[in-house]
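> Sequence:
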Amino acid sequence: MGQQSNQVGCPSKLTDDLIAKAKEYLYGGYESLGDVVPSVAGLACYLEISRKSAYNYSEQSEEFLHIVEGILSLQENKLINGGLKGDFNASIAKLMLAKHGYSEKQEVDHKSSDNSMTPKGLNDFYADIGKAKPQSSAEGVLDDSGEE
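Just so it is clear: in the sequence shown, position 40 is 40 by the UniProt record's numbering, and no numbers are missing.
Simulated from the structure, these hints should not be mistaken for laboratory data.
Just so you know, not all the hints are guaranteed correct.
To be verified - For each label pair, taking beta carbons as the anchor points, the in silico distance ranges come out as: (1) Gly34 - Lys99: 14 to 24 Å; (2) Lys105 - Ala41: 40 to 50 Å; (3) Glu31 - Ala98: 21 to 31 Å; (4) Asn56 - Pro119: 50 to 60 Å.
What the hints assert, rightly or not - Below 35 Å or equal to it, Euclidean Cα-Cα: the simulated DSBU-like pairs (lysine-lysine) are: (5) Lys120 - Lys99; (6) Lys94 - Lys23; (7) Lys99 - Lys21; (8) Lys23 - Lys85; (9) Lys13 - Lys99; (10) Lys120 - Lys13; (11) Lys120 - Lys78; (12) Lys23 - Lys13; (13) Lys52 - Lys85; (14) Lys105 - Lys85; (15) Lys105 - Lys120; (16) Lys94 - Lys52; (17) Lys120 - Lys52; (18) Lys105 - Lys78; (19) Lys78 - Lys99; (20) Lys21 - Lys85; (21) Lys23 - Lys78; (22) Lys99 - Lys85; (23) Lys23 - Lys99; (24) Lys78 - Lys94; (25) Lys21 - Lys52; (26) Lys99 - Lys52; (27) Lys105 - Lys94; (28) Lys21 - Lys78; (29) Lys13 - Lys52; (30) Lys94 - Lys21.
In this text, a Cβ means the ideal position worked out from N, Cα and C, and glycines have one as well.
With these hints in hand, go ahead and build the complete structure from the sequences.
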């Protein structure tokens, strides 16, 4: 006997037609919506589904996952090129590229102007220890009155 499916809940609305329409969005349909770059939110609008459904479908279907990954890759590429050419607002491009793992590197100089806070190496540390004047047990010890 064949196995029966014990699926719980509503059947998925992920159909071949929906996948075909998602591909259409990736391959230029986003431009017909007026989108400058493709996005998962734009895909959701194009398919008339929620963003959450788009992400859920990408977990259910490898083909849909490839479409979503294609959208993200195309978005990243368009942001880089548009930012370099000056076609996009630099702040917006930077913000959106941060979602793709890009970040602006900032170096912080931890030195003081007089070099008094310059980190010392181990050789300097041991040299300073050797300069310390050893004290005998009685020399330099104060009693309770504060006198030697």
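> All the hints need checking, so say for each whether the structure fits it.
Now the hints, each set against the structure:
1. Gly34 - Lys99: 14 to 24 Å: holds (21 Å)
2. Lys105 - Ala41: 40 to 50 Å: Hint violated: Cβ distance 29 Å, outside 40 to 50 Å.
3. Glu31 - Ala98: 21 to 31 Å: About 24 Å separates the Cβ atoms of Glu31 and Ala98, which means 21 to 31 Å holds.
4. Asn56 - Pro119: 50 to 60 Å: holds (51 Å)
5. Lys120 - Lys99: Between Lys120 and Lys99 the Cα gap is close to 39 Å, so the pair fails against 35 Å, i.e. violated.
6. Lys94 - Lys23: Given that 35 Å is the threshold and the Cα spacing comes to 27 Å, the pair holds.
7. Lys99 - Lys21: holds (25 Å)
8. Lys23 - Lys85: Measuring from Cα to Cα gives roughly 27 Å; hence the hint holds.
9. Lys13 - Lys99: Roughly 28 Å between the alpha carbons, so the hint for Lys13 and Lys99 holds.
10. Lys120 - Lys13: With a Cα-Cα distance of about 65 Å, the restraint between Lys120 and Lys13 is violated, given a limit of 35 Å.
11. Lys120 - Lys78: violated (47 Å)
12. Lys23 - Lys13: Cα-Cα ~16 Å, so holds.
13. Lys52 - Lys85: holds (33 Å)
14. Lys105 - Lys85: holds (21 Å)
15. Lys105 - Lys120: holds (26 Å)
16. Lys94 - Lys52: holds (25 Å)
17. Lys120 - Lys52: Between Lys120 and Lys52 the Cα gap is close to 53 Å, so the pair fails against 35 Å, i.e. violated.
18. Lys105 - Lys78: holds (22 Å)
19. Lys78 - Lys99: holds (14 Å)
20. Lys21 - Lys85: holds (31 Å)
21. Lys23 - Lys78: Answer holds: Lys23 to Lys78 is near 18 Å, not above 35 Å.
22. Lys99 - Lys85: holds (20 Å)
23. Lys23 - Lys99: The hint holds at about 22 Å.
24. Lys78 - Lys94: holds (12 Å)
25. Lys21 - Lys52: holds (17 Å)
26. Lys99 - Lys52: holds (17 Å)
27. Lys105 - Lys94: holds (12 Å)
28. Lys21 - Lys78: holds (21 Å)
29. Lys13 - Lys52: holds (13 Å)
30. Lys94 - Lys21: holds (30 Å)
In summary, the structure is inconsistent with hints 2, 5, 10, 11, 17 from the numbered list given earlier, while agreeing with the others.
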